[in-house]
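K.L.:
Once you've looked at the hints, go ahead and assemble the two chains, each given alone in its own frame, into the complex.
Top line first, the protein sequences correspond to chains Y and B. Quick note: the first sequence uses this note's numbering, first residue 1, plus one each step. Quick note: the second sequence uses this note's numbering, first residue 279, plus one each step.
If you're looking for bench data, these hints aren't it; they were derived computationally from the structure. Treat the numbers as computed from the prediction; the structure is a model and nothing was measured. Each hint should be verified, as a subset may be incorrect.
Each computed DSS-like pair below joins lysine-lysine, with the alpha-carbon atoms no more than 27 Å apart [stated by the list, open to error]:
| hint | chain 1 | residue 1 | chain 2 | residue 2 |
| --- | --- | --- | --- | --- |
| 1 | Y | Lys56 | Y | Lys77 |
| 2 | Y | Lys224 | B | Lys532 |
| 3 | B | Lys532 | B | Lys340 |
| 4 | B | Lys490 | B | Lys563 |
| 5 | Y | Lys132 | Y | Lys39 |
| 6 | B | Lys532 | Y | Lys132 |
Stretches of chain B that chain Y covers, calculated by requiring three or more beta carbons in the stretch to come under 8 Å of a beta carbon on chain Y [unchecked claim]:
| hint | segment |
| --- | --- |
| 7 | 282–288 |
| 8 | 371–385 |
| 9 | 391–398 |
| 10 | 448–460 |
| 11 | 507–519 |
| 12 | 545–552 |
Beta carbons are placed, not taken as given, at the ideal position from N, Cα and C, and that holds for glycine.
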Amino acid sequence: MVTRILLHRKAILIYATVILYVGISLFPLVWMALASFSKDPYFPLLPTKYSTAAYKEVLSPSDPSLSFPSWYGNSVKVTVSVTLLATALSAFAGYSFSRFRFYGRNTLMYTILVGQMLPGVVLLLPLYIYLKDLRLLDTHFGLGIVYMTFAIPLCTWLLKGFFDTIPTDLEEAAMVDGCSRVGAMARIVLPLAAPGIAATALFAFITAWNDFMFALAILSTPAKFTIGLGLMSYQEEYFFQWNILMAGGVLMSIPALALYLFLQRYLVTGLTRGAVKG
Amino acid sequence: MKQRWLPYILVLPAVTIVTGTLLLPCLNVVIMSVTEWYLFAQQRGVEGHPFVGLANYVAAFKGPVTWKALNVTLVFVVACVLIEVLGGLGAALLLNEEFRGRGVARTLTLIPFAMPVVPWALAWVVMLYYDGIINHLLIGLGITKETVPWLAHSNTALPAVVFARAFKLVPFVQVMFLAGLSGIPDELYEAATVDGASAWRRFLNVTLPLLKPVSLVTTLILAVWHINDFAIVWVMTQGGPSNATELIVINAYKVAFEAFRFGESSAIGVVLLVFSLLFGVLYLKATKAFE
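Bound-form chain B, shown alone (with noise of 0.2 Å):
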């Protein structure tokens, strides 16, 4: 008897929270979204949070701003994917050769990852800034010919924040391809070797098809942590200049925090989770065949 109810006692105060600070929220986030809710009494029109249909997820819709939100979001996540994708599989097959110190350098190039996002932001806020080292560099080096006010400017805030970001995680695909990497065995190489194959060939016919599953999980985790990102935005531009790096989760937080329109900030936030749901159910396929 005792046996039987032992696993469930043991579930019990995990299993507890998790409902009361996630399936909960999100079961409120939904319902939300299809009443009136503002946060406070003077914007409401009536008493209590009247069913008001699919009105919230109309308004956050309807203007461009939530629109260019999402498109900002879909240029922020592939192109961050993409530069640590590619800069992660190149450092991981750099850190894979044999050389002296190669312990010391793959513990030294994770720095960028083990740093806290808001210092991190920081310190790119100033060196990006008009008088900063960057643009010192840039003009030192003749890449550009005058200073480029990186984060000012509507054109230049979103590439610079993505160099940012994505230079942040490089080290973590090197570490997740550094792992995969580990266990291709060598006889498939010495057998590619022997059949004549040349480096390239090798590369192409047995490094990257063994490394099919690491990176889909690699891509799916960088996905779901892009789509989410929200602190190293605020800390660099707050989603400005002109709404140039406002992402889908920092317009939701500023509907509901600046505008306090929780019911409109809600349908934003249910669209992005049926997005995250998605890719956490391809992120769980994944796993399994990679464990």
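Okay, chain Y solo, but in the shape it has when bound (with noise of 0.2 Å):
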């Protein structure tokens, strides 16, 4: 009976601490949501009418160098090439370093890890000067070709590790069979691989969708803006305008939070190999 009471007690307990728990973690984006919808630009505590004027504005601006549908089509045409580039390269440097053992492997496995933790703003100044030489600086090349330096590490490493997770036996039976072993790479690892690969994918894309400060520091053109240097530049044009700036960062969100949810199988796998900043 006593221990009966105890648990139910434990239990409200836990309940209460879990409720508050996720509505103090709920609480920026659904301030967030609440303001973008805001009818009124300013309000003191909470929007008291709502609508979607809003998002009419961010969706067709009526500045044109406040461009967002712009911002978001460079963010999307940037690093969904990256994204592909980078996965497409690092999967045969990945299938290369989890099948082969050969000399100076570790060595360039090491270097590529150990990269990863490079800090971005000790890059930036060579990259920068290199980009000016080549008067890629403003580009969307330029800014690709940067992006490559924290994706194909990324990539590899954690390619490696869904490669290795694969049993060589079929691979062996299938070129014992007469395929060669690009063929059994081909037919055999990469199927196999695809949600892990697909994973690497989706990791690389949110971490060249959240860049800031590459993008800071190569474009200086408005029209050119990714689209967190576009809400950046939101801020000093709508700082009271808190509906506009906040239908922005849904807008910026909504498809970073959607990859997460098919991500999270996979989190522990991406963070603890380096993978994703937050």
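P.N.:
Listed below in structure tokens is the structure:
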């Protein structure tokens, strides 16, 4: 009887704490969403009237220099190209590191891993000068090259891990049956590693999507801004139009939040391999 | 013959890009840090980039600004890591209990981590505004008596930025610790209970020691991230007011892209590089123990 009451009490305590914790975690996003639907641009505590006016302004801007839709497009363009290219190149490297023991393997592998921990701002200076010399400053191509600096190490390291989990027997059997090494990789390993490859690509996508510093240094023409940089320039323009500011914020957050939902299963693997920065 | 070269051919594109965008720049930054390097010709005394020894290091670290930035960085990193590890441990223990809706709670609490940094920082800028919701809530709850201009005052800006930053990474630590907790076999707890250990003793003598490897890896990842933190601070305060939130990374960025003194900025960068590599090596050792 006493234990039952104690258990009951414990359950109530747990539920109360969980609800409080979940509430606090959701608070910023919920506040953003409410603010973005506010009819008034500025409100002391919470919006009083709601409308979709802010979203209309963001999606079809009256000021052409604050073109949120084209920033969105720029981000999609750069991020998707970097993701596809980095994943493809890293798949080869990751496969090689996973399957072969060759001279220099460890050195190359650890170079790539440690490379991931280098401070972005340190790389930024020389990369900026290279892009300047190549006349690639203020271009999406230049920004894409810079994004490869973190996309390749991240993808290689993650993919090596995913390939490691696939037993080599299957490939060996295929090769005994007359399949070439590359054929075995394409027919056996890649399909089996497909979920891991997809997860890797999504991690790379999120990292590039969320970048701010490289875009800040490299892009200078407002029309070429990526979304994070564009939002930052919103702050100067719309500081007292919180509904517009937050509508932009919500639209930038949606893809990242949706992808995390898919990636939950792989989160720990991704995180311990130093993958995503929060 | 073909077999022997295949591994190298496969890694070639990735290694080439990594060399060009990571290793070469690293080497370059070290060279720049010991030469006279300004972005614009007008700033230069002579043509080219003459060797100047440690002059850039002296220039960077003789003034108070860089020292203050190092100090701010130390406070920022330590405060963030402490809040995140303690908060994340508490959250993980809570969400490790069995209750209905646990999966949903685990997913929803990840949201702060999953949000992109720029909208997250912007939301906090507005919420922390002197007429914003945080001040209204704090006054309503009786915690503060009057509105606090959080980001506009040099005493409150750093705590406010630390709070916004740490809030975002508590779920990360939570995920790591939940993974660690799921690896602890139930038999250990049962054995401890049979031996008469209280819940607190079980936590102290079973849970904590077994979480040690994962907490080491987590702490190192967090330290590296925070040493390199840029976006959240730049969006919230740009290092102000009066350098109160100017991290070393922000300082290096300003020296390079506002003063265009690339040589001096490189010197700061090399110091950062040394710290990052140190943590990187520790991390490698820790992950080996962890996996």
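K.L.:
Next step is simple, just say for each hint if it's right about the structure.
P.N.:
Evaluated hints:
For the suggested pair lysine 56(Y) and lysine 77(Y), the alpha carbons sit about 23 Å apart, so the restraint of at most 27 Å is met. Between lysine 224(Y) and lysine 532(B) the alpha-carbon distance is near 22 Å, which keeps this suggested pair within the 27 Å criterion. As the CA atoms of lysine 532(B) and lysine 340(B) are separated by approximately 17 Å, the hinted pair is consistent with the 27 Å bound. Between lysine 490(B) and lysine 563(B), the direct Cα distance comes to roughly 14 Å. Compliance with the 27 Å bound is thereby established for this hinted pair.
In summary, the hint linking lysine 132(Y) to lysine 39(Y) is not supported, as the alpha carbons are separated by about 45 Å, beyond the 27 Å threshold. A C-alpha spacing of about 18 Å is found between lysine 532(B) and lysine 132(Y), which places the hinted pair at or below 27 Å, so the restraint holds. Check result for the segment 282–288 of chain B against chain Y: holds, 4 residues qualifying (beta carbon to beta carbon below 8 Å, three or more required). Counting residues of the segment 371–385 of chain B whose CB lies closer than 8 Å to any CB of chain Y gives 7, which reaches the minimum of 3, so the coverage claim holds.
By the rule of at least three residues with a Cβ nearer than 8 Å to a Cβ of chain Y, the coverage given for the segment 391–398 of chain B holds, with 8 such residues. Given as covered by chain Y, the segment 448–460 of chain B passes the check, having 5 residues with a CB less than 8 Å from a CB of that chain where 3 are the minimum. Residues of the segment 507–519 of chain B lying with their CB closer than 8 Å to a CB of chain Y number 4, which satisfies the three-residue condition for coverage. Proximity of the segment 545–552 of chain B to chain Y, defined as three or more residues with a beta carbon under 8 Å from a beta carbon of that chain, is established by the 4 residues found.
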